[in-house]
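Respectively, the protein sequence lines represent chains A and B.
Quick note: to get the working numbering, add 153 to the position in the first sequence (first position is 1).
Quick note: to get the working numbering, add 153 to the position in the second sequence (first position is 1).
Quick caveat, the hints were computed from the structure, so don't treat them as lab data.
One or more hints might be untrue.
Which copy? The list can't say, so a pair holds if one copy fits it or any two copies do.
To be verified - Restricting the straight-line Cα-Cα distance to at most 27 Å, the calculated cross-link-like pairs of lysine-lysine (DSSO-like) are:
1) K243 / K181
2) K505 / K489
3) K503 / K354
4) K205 / K448
5) K354 / K385
6) K503 / K181
7) K354 / K205
8) K158 / K356
Remember, it's a predicted structure, so these values are computed and weren't measured experimentally.
Protein chains: 2
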Amino acid sequence: MISIKMQEQVQNSSVIRAMFEEGKRLAKIYGAENVFDFSLGNPNAKPPQEVKTAILEVLESDNLMSIHGYMNNSGYEDVRDAIAKSINDKFGTAFTQNNILMTVGAAGGLNVIFKTLLNPKDEVITFAPFFGEYRNYVKNYEGELVIVSPNTVDFQPNLEEFKEKVTPKTKAVIINSPNNPTGVIYSEETIIKLSEILREKQKEFGTDIYLVSDEPYRELAYDSAQVPYLSKYYANTIIGYSFSKSLSLPGERIGYLVISDQAADCENIIAAANIANRILGFVNAPSLFQRVVAKCLDAKVDLDTYNRNRELLYNALVAYGYQCIKPEGAFYLFVKTPIENDVEFCNLAKQKNILIVSGAAFGCPGYVRIAYCVAYRTIENALPGFKALIEEVQ
Amino acid sequence: MISIKMQEQVQNSSVIRAMFEEGKRLAKIYGAENVFDFSLGNPNAKPPQEVKTAILEVLESDNLMSIHGYMNNSGYEDVRDAIAKSINDKFGTAFTQNNILMTVGAAGGLNVIFKTLLNPKDEVITFAPFFGEYRNYVKNYEGELVIVSPNTVDFQPNLEEFKEKVTPKTKAVIINSPNNPTGVIYSEETIIKLSEILREKQKEFGTDIYLVSDEPYRELAYDSAQVPYLSKYYANTIIGYSFSKSLSLPGERIGYLVISDQAADCENIIAAANIANRILGFVNAPSLFQRVVAKCLDAKVDLDTYNRNRELLYNALVAYGYQCIKPEGAFYLFVKTPIENDVEFCNLAKQKNILIVSGAAFGCPGYVRIAYCVAYRTIENALPGFKALIEEVQ
């Protein structure tokens, strides 16, 4: 009785659910503290104190209707104004509230922008490895996701192959840096080259190609690594931001889109995105948290929580003989599996009560993603298992 | 550059935006207090005190991660459990948390359920007058909205015409009671007959037809009027609820779906709706407000705020000679225009600084919707204008 498209989805997701159930089963047998779940990108750093303070401040403002009521579908004007100013201060841009659309997280924002842009069969290019949900977000609007194969040397995008895959049907390119699942930050050199290719191809085909930058991990960059701000390099840029990781508020569903005045047809895109936000059923980003994040634009989770995990896990795995790029951002390690079959390796890991995700889910078989947004102790306790794993298969 | 579908949307919405701009223009000339905006269904009753108390209580709980973090896409288990119990207590049903899916308002819930159910060209029937957004929600998933013409005698659904419009392609029927825009509550007699027709047609065609009940106004029923609980009358019922009006929290985007175990293929529907919530980009209903509403299931806005408005406006308009059903619920009056052309009547009203919406927007020309969720004083001050209007055209 459910739609044909959703029948496939239920089929696929039962694999993930099986893993989830397996985790619960293992926890019952061995105790939750002896099961090491590195499968989910669920932030474990506490929201900064500023968040609670901001909630209380907003609640003390006397007008309850303006806290919990409807506003424009694009969000409160003062909130959008504060966000535009904050971006301008940080990156030397010149946005106004008109360029900002408050969204239900980055996932909501990406759906809004694909609804706005895509005609059936339009192509959206992404670089493997990539966040698997892009498949769904593009398919929701009958677009086609075109995947550029991974460059496993340093996990910067494979620009040679990209150049060949841009066609007159390419409507958008979606990138994610710091990257899920690799933790790699796309370098300024990459961004400059990528922008040049896009400009060339736009000229060649007489089209506009939008660069959609999915940036939930922007604030999670270690050792003062810089994450280039895309709109400075390429005019047709649309940025999808989320406070899920920067403020550890993933459940609150709060983020925004930045639609630059430099982007072709920007006035229609802004108007249409606003309508898409409404008709897709988001209506508006949650109102209290719009006001809360506007008060927390300079706040950030304690990066050290993640950095300590990164150092511990990366150094240990490399010492055991695993091959892995040291991530500059996000909270994932993307590790080459010591046997060829990454799905089989995940199963072997499960026998050690270690739950990790196969690279195939991200368009990059032969690797596994280890989400290290977990307690430090969980990593310490899992290390003997990781060590035994590689010893057994070698 | 925006998609063809969205080009149409931008075109249509510019009419609404023009009205909004007109309202702002009038406010500048005559002062905001002399412009009477009855165009929006934006609740003006304050959220009950329980809401703020609940927010503070939740914030005092020591685990910030469980307040703002991810949970299952369907929502917190304890919240869904509390909601199921509350429904069971009120309506004698037997739901469990398994039947409840927390959503980003009712709009999010309706999109989730149509994504779950509809194949391209599937038909969804609704009864005019109806909430105009249903057109978009159905079109988002390539379904066809089939409209049963209005019964302007008492605005109960036109069941004779309905019977003829059910076909083998009918996948769902969507109803909204108390109704936007009429304020009418569909009677128990209506619901019983509607259910009988659906059962007959299911048998005739060998299909399943889902009855989707959109219930944001359930708690806004005056004079102790009863709003039948649909799942008790028809097995294939799916209910979309929202706290937007009952707790005056429209900006917070919090509601839920009830998917009954009695519904055909319910297990797959529940699994698929869960996935649809994720892949459409909602991911989950806002987390803090899940916990807040679970603490406010017996709270409600002060209905008297709306009831006083209803009495004042209804009695005055009828005294002036307007024809109108006295609404039993919601916060709208649906008034027959004293001239045939309702769009023209809206323009005449605008000349008196009164902003109202033409019935054509709800599939019912010849009428206007007056949203009386405004200050009592606004109604008092607008009454001379309403009086002058009917005198001038008669």
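Cross-check of the supplied hints:
1. Proximity of K243 and K181 under a CA criterion of 27 Å is satisfied in neither setting, with 48 Å inside one chain copy and 36 Å between copies.
2. Taking identical chains as interchangeable, the C-alpha atoms of K505 and K489 lie at most 27 Å apart only when both belong to the same chain, with a minimum of 18 Å there against 72 Å between chains.
3. In this assembly of identical chains, K503 and K354 lie within 27 Å of each other by CA distance neither inside one copy nor across copies; the values are 46 Å within and 51 Å between.
4. Taking the closest pair of Cα atoms, K205 and K448 come within 27 Å of each other both inside a single copy (11 Å) and across two copies (19 Å).
5. Taking the shortest Cα distances, K354 and K385 sit within 27 Å of each other inside one copy (19 Å), while across copies they are farther apart (60 Å).
6. In this homomeric assembly, K503 and K181 come within 27 Å of each other (Cα to Cα) only inside a single copy, at 14 Å, whereas the closest approach across copies is 67 Å.
7. In this assembly of identical chains, the alpha carbons of K354 and K205 never lie at most 27 Å apart, being 48 Å within a copy and 54 Å across copies at closest.
8. For a Cα distance limit of 27 Å, the shortest separation of K158 from K356 across copies, 26 Å, qualifies, whereas the shortest one inside one copy, 36 Å, does not.
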